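Number of protein chains: 2
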Amino acid sequence: MALSSDKRIRILNAAVTVFADRGFFQSRVSDVADAAGVAGGTIYLYFKSKDDLLISLFEDRMDGIIRHVNDALSSVDSASTRLQIFVDKHLTMVEQHPELAEVLIVELRQSAKFMREYTPVKFAEYLDIIEQIVRDGISVGEFRPGLSPRLAKRIIFGALEEVSATWLRFRRDGVVSPFELEQAGTQIWEMLSAGFFQIDHRAQERSTQ
Amino acid sequence: MALSSDKRIRILNAAVTVFADRGFFQSRVSDVADAAGVAGGTIYLYFKSKDDLLISLFEDRMDGIIRHVNDALSSVDSASTRLQIFVDKHLTMVEQHPELAEVLIVELRQSAKFMREYTPVKFAEYLDIIEQIVRDGISVGEFRPGLSPRLAKRIIFGALEEVSATWLRFRRDGVVSPFELEQAGTQIWEMLSAGFFQIDHRAQERSTQ
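Just so you know, the protein sequences line up as chains A and B, in that order.
The numbering used here puts the first residue of the first sequence at 1, with every later residue one more than the last.
The numbering used here puts the first residue of the second sequence at 1001, with every later residue one more than the last.
The hints are simulated quantities; they were obtained by calculation from the structure and are not laboratory data.
Quick caveat: nothing in here was measured; it's all calculated off a predicted structure.
Note that beta-carbon positions come from the ideal geometry of N, C-alpha and C, so glycine has one too.
Some hints here could point you the wrong way.
[Stated by the list, open to error] Some chain A residues close to chain B (C-beta under 7 Å, calculated; not the full set):
#1 98
#2 158
#3 180
[As the list claims (entries may be wrong)] Simulated DEER-style distance windows between Cβ atoms:
#4 A:99 x B:1172: 29 to 35 Å
#5 B:1070 x A:45: 56 to 62 Å
#6 B:1140 x A:9: 51 to 57 Å
#7 B:1092 x A:3: 50 to 56 Å
Using the sequences and the hints given, assemble the complete structure.
Take a look at the structure:
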């Protein structure tokens, strides 16, 4: 029996909805089959297990996300503008695809298999986009030379992930979030570009050092 | 049979080690009993279930952490110094108690029960320390008035959590981390205090706005 890529896509799309709705652990492969409109056993022709389905979903979607972000960055020279675009794209994707974000940000964390045994190469590739921007920004003199690109990517990603996870939690609970993701993006960007201090205060701190 | 608080403490201490070592899902209540040197059924005199044990552990340890951080902050007026102390204390606790950090940062995320049904009040209380510092810093003019204290706490906590989780992952894999937590703290603090830009570049950005 030939496997159809159309059916594979339908299964992956259904998995996003089911995992986001019920949670990965609570979902059964048969729930995904029902949502995809295929017979229960059909999923096993494409994916070895529920864990394999989650990992395949992750790799498939991360591929698309990485392409989408790289496309947006490709024609931009300035490292600071590229960083600003990255922050904006990340949060816009969460806002426009909250179910997918729920799976990638919340459910994946809860998959013990994913955390312990699987090396999420695509995830490292996504984070490396930030690291490269910071590296470039330092080398052309836009960013401070004391910045660690390796730590900067963790700091920026951690901030993006925590505001996204919080926003998604409000959404899941059916509560209006006390902040918009666009506002969160502005706050993150202003922190990266200017820090927290008042200009006067900062100048004063410097002069007394 | 009277319950001893000493035995309860022994069980909680053993749970940290067992959950950090095997992972929460893979751990059995009997593993915790063995590690604590009590009979298997004894744990159920103190905790209703494995989930309840995790939640009790979380609340007990968060109480201690909140007290420890508040003690360190109590005699300090400057909001920026208090923020710096918070960042430092958080990362120092991770470094000195990596097993506990593993449970609080990594394992708790994987407990579906915890994520979905339990409201982690102590966690909100911990984060509110950051929010209050930022609020105070704005009101006395140390921090920019445009900062959102509510978002600032998410941004700072997200950054702290991501660098901690990364450092713990290296430790778990038996690999030397490519960065020290102290260095991560310095990077986070410098980002908060000065942002990413070169001073000259920042002045230039401002003058062209």
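Query raised in the report: Can you list which hints this structure breaks, lowest number first?
Result: Per hint list: 1, 3 violated.
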